[in-house]
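Add chains U and W to chain Y, keeping to what the hints say.
Chains as they are written, first to last, in the working numbering: chain Y, -9 to 349; chain U, 27 to 542; chain W, 3 to 287.
Take the hints with a grain of salt, since some may be wrong.
Claimed, not checked - Subject to a maximum C-alpha distance of 30 Å in a straight line, what follows is the list of computed BS3-like cross-link-like pairs (lysine-lysine):
1. Lys145(Y) - Lys528(U)
2. Lys130(W) - Lys528(U)
3. Lys145(Y) - Lys232(W)
4. Lys337(Y) - Lys130(W)
Don't read these hints as lab results, they were simulated from the structure. Treat the numbers as computed from the prediction; the structure is a model and nothing was measured.
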Amino acid sequence: MNQPLLVTAAQKAGPRLSLAIGAIVLLLLIALPLLSLLPAGHSLQVSAYTLTLVGKILCYAIVALALDLVWGYAGLLSLGHGLFFALGGYAMGMYLMREAAGDSLPAFMTFLSWSELPWYWAGTQHFAWALCLVVLAPGLLALVFGYFAFRSRIKGVYFSIMTQALTFAGMLLFFRNETGFGGNNGFTNFRSILGFEITSQGTRAVLFLLTVALLLASLLIGWRLARSKFGRVLTALRDAENRLMFCGYDPRGFKLFVWVLSAVLCGLAGALYVPQVGIINPSEMSPTNSIEAAVWVALGGRGTLIGPLLGAGLVNGMKSWFTVAFPEFWLFFLGALFILVTLYLPKGVVGLLKKRGEQ
Amino acid sequence: MNLWEPALPAIGPNEHHKDPAMLKALLALLLLLPLAAQAGDADFFIAAKPNEQASLLQAWAAQPDPARLALLSAMQQGRLGADDTRKLRLNNRLRGLLDNALASHQLLSDDATLRLAAARQLQKSAQPAQVAFLDRRFAGEPDAAVHAALGLALANLQLADSNPAVRLAAVRLLGETGDPMARTRLETLLDPAVETDAGVRTAAETSLAQVKRKLLIGELLGQAFSGLSLGSILLLAALGLAITFGLLGVINMAHGEMLMLGAYTTYVVQVLVQRYAPGALEFYPLLALPAAFAVSAGVGMLLERTVIRHLYGRPLETLLATWGISLILIQAIRLIFGAQNVEVANPGWLSGGLQVLPNLVLPYSRIVIIGFALCVVLLTWLLLNRTRLGLNVRAVTQNRNMAACCGVPTGRVDMLAFGLGSGIAGLGGVALSQIGNVGPDLGQSYIIDSFLVVVLGGVGQLAGSLWAAFGLGIANKLLEPQIGAVLGKILILALIILFIQKRPQGLFALKGRVID
Amino acid sequence: MRTVPLPVVHPEFMLEPIIDGAGRDAIGLGQLRQPGLDVRHGTVLTLEDISVSFDGFKALNALNLYIGVGELRCIIGPNGAGKTTLMDVITGKTRPSTGKAWFGDTLDLTRMSEVEIAQSGIGRKFQKPTVFEALTVYENLELAQKTDKSVWASLRARLSGEQRDRIDEVLGTIRLEASQHRLAGLLSHGQKQFLEIGMLLMQDPQLLLLDEPVAGMTDAETAFTAELFKSLAGKHSLMVVEHDMGFVGSIADHVTVLHQGSVLAEGSLEQVQADDRVIEVYLGR
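Only chain Y is shown next, with the shape it has when bound in the complex (with noise of 0.2 Å):
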């Protein structure tokens, strides 16, 4: 990970080098899958499992974003953001399994002897459905669940705590069997993709370029967002919310908004994660991972729009190092990097690259 110093570089020459360097990053990411491609053995060769775990990071900057969208802009911290991450990836990981079930019910469901499929996986064997419900599912549990926690103000840390139930209730959800969603394991073993096998390089690659293409379509919607005047609002919302509201402005309708953007993002996020990690299982939703998005947005700078790739990419880099070299203190890590950040980084890596680039 050189990007911290990149930055810096970055900071230091101005918007123009910034810019140079973004298409530097996005070309490398887009020759990545590429040179995926090459033959085994070769010099330039990037391995599935390589370019898996960035995929995979690239899922959570994704992540990381949509929070930073409803953390760092409207103020509101989201401890949930697993559940609609999972969501999504719980309605495309349902094709993959019809998919690779064939005409037959998925495996999980066979061990427990149903002879049906539950009604809400209805139409999951239709590819154009399951992304329907990648959107559908997330988007319409945060637009149930923001309603009624917008409309009596719920701000602050009860609404932390109220999505981190809320994800908790849905883990327990899942992990049950007989809901349907296969309990512990989740889905895996997943074969084929619109007819494509599934592990083979090209699909690797194409689902790593489609991973590229969404978190650019999400930053393109957060500048956008954030220029707008939407985006002011959602600043003034933080800052002051009844002042606001005494402006004219109904503070529901921009935070239902921008939650339901988020959730959906999410949930895209999680759709493209499924297949290239080849499993989603409840612990997606446990609330410690919802809870680490949080410190990604943290450690890289929130009410940015960098900051959050910035710290997804820094600590899941740092998570795939620790759990390897040193395994048992990679919690401890973590935790002091929650205390350290929150004491001394309140604006993250990029408010300190900034505050240098102005020294």
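Only chains U and W this time, still in chain Y's reference frame:
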């Protein structure tokens, strides 16, 4: 005294299926001489063939003799006599008969709990030969619960009687008990193939309805009790959180870990007492209380001074930082004590339970914890309302700046209040260690629930926390059997969200001008 | 004999149709009628028998207050008289336990949400200046500007030339042209007060509620504010809560004294200052 010794070779183990008449004679002699010495019984028993051993046990069961109790309990533990080290091997049938005989003897005991257990055993295993004995005990039994259990055992036996009148009486007797076994027994009687007499069948029907009603009452009371018990634990977990949240407006995500630290302190105290003062092991939970309070309060104050103090006014950051602390605490405990649960044993006075109804046992540990939780609430209330520290805490909770202007040392108050909240959680940890598993993840599951209690009860309100904790506990336990634990939890979450629509300030909030 | 039922006339049909903003109202008080608000009876705000109690404490007690169209009314009263609660009731933040609150002749404030009240034309300045600190002065004014404030409109909003002119004009009025691109959080206390007043101007409300607008201002700033308010009166109705008697004297022709949640006295400043009861509870002693 060794009257039987000479006869033993005659029924030695290598003579199979010899002379039943001779055995009968022996048994007759045995019954005639109930005062025969225990050593004699033991030797006689071991010398007998399995068949004969069975008859012997049956005979003993029908004619219990207090003197034989020691022998039987030793036999059940796998030895032969009270001071005997000889190993005894029994097949399943003999083992069953032995249990029955032992129970029969235990009915003569002075200890009501022992008699109750014996009576329950006899409900399953009593033999027709024991009717007369059971009838005598039933008539003379002073304890109500044992009386009921014996009645059931007796009725079970009488149902096999050929005389419909006897069976009818038995069915009526069954109707008066509220025992789950009576229900299954009565249900079989509804089948004409099993019970030929129509009168008995109708009586069985009325009795069944009676039994079901009694069972339902027991079940509901049981659910209410486990609700109270869950509520008392939620209360212990949430009380400290309510104080710190009310005071500082921050959620201490490491609060659950304070519970965990309290539970682990209990474990350490138990180990230390076991090693250095085994005599006091009975009372180790009492020793653990101050220790757990001190450990949790100390850690809490340390955290407040080093981390949380710097984050006042930034509640969301505090939430994240305290989550980081909880990760570190959990991992530290994992490294020190291992990832598995550690064993914390109940002392004798906390094990067992109070049998209220045939299908309702209230474990002593849970009763004690409910009382303990109420005591803690009372003490906290006294501390907050009758001491200088409490006054300061309340002042800072209501208006920090004003309190500071009045000379309240807010920093010190914050630290002490944080210590108090954490210490109460530590006490909760001691309580939890007596009824659940003690592992590194112990606290994680309580943070959400205790926060919901705080939300429901209203911030900084002791009475609110009390009602909310018991309300949530009982609602949880009443919903659980109807729709399952998971759906119950989800439903409660939904209900709380809806409740907040109506009363955003919680159940017991102070109304007032909203200060921006 | 047959009775012919009278046709039911919906109240709205009884109103004069408004063709444009130029029509005079029926009573002829000379006020321009703003579209959307019916002030034919000359009062912009009608509060009758308003009571608010917090756990037994009566913050407002059977209060009656009428503010005329274009009037500049000052509310004074000792601490705890219920001034801020009164503002909370008008803006919908606190619901009265009894009483009627009408904005114009047709809008029932007790049934409207805070946002609806703000959109219908009541602007409020808080006691403590609240501006959007992470936004620039210009952006603050932009957000306050009277326009479609729905989510969709905000997503697509572009400032028109007319709107830019209006912002520039207000920037001039509140003398913040030089700092228009500074973050509002970096302004001085007095500047924040002006910015908040500027935001109210951008909202172009019928009724402005101003809670201690000159607190923390220099004498020159106070004098300027007094001029500003006087120039606003007539076009807008103003209700000013203030402790600074000098300021009150310089702007108000009509003063209401609150005491223990109800109106103690009303009249010109000289009148109320001469009132024995007022002297007893507030001014004298």
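Do the hints match the structure? See the list:
no.: 1; hint: Lys145(Y) - Lys528(U); in the structure: holds, 16 Å
no.: 2; hint: Lys130(W) - Lys528(U); in the structure: holds, 29 Å
no.: 3; hint: Lys145(Y) - Lys232(W); in the structure: violated, 40 Å
no.: 4; hint: Lys337(Y) - Lys130(W); in the structure: holds, 27 Å
Hint 3 from the list above is the single one not met by this structure.
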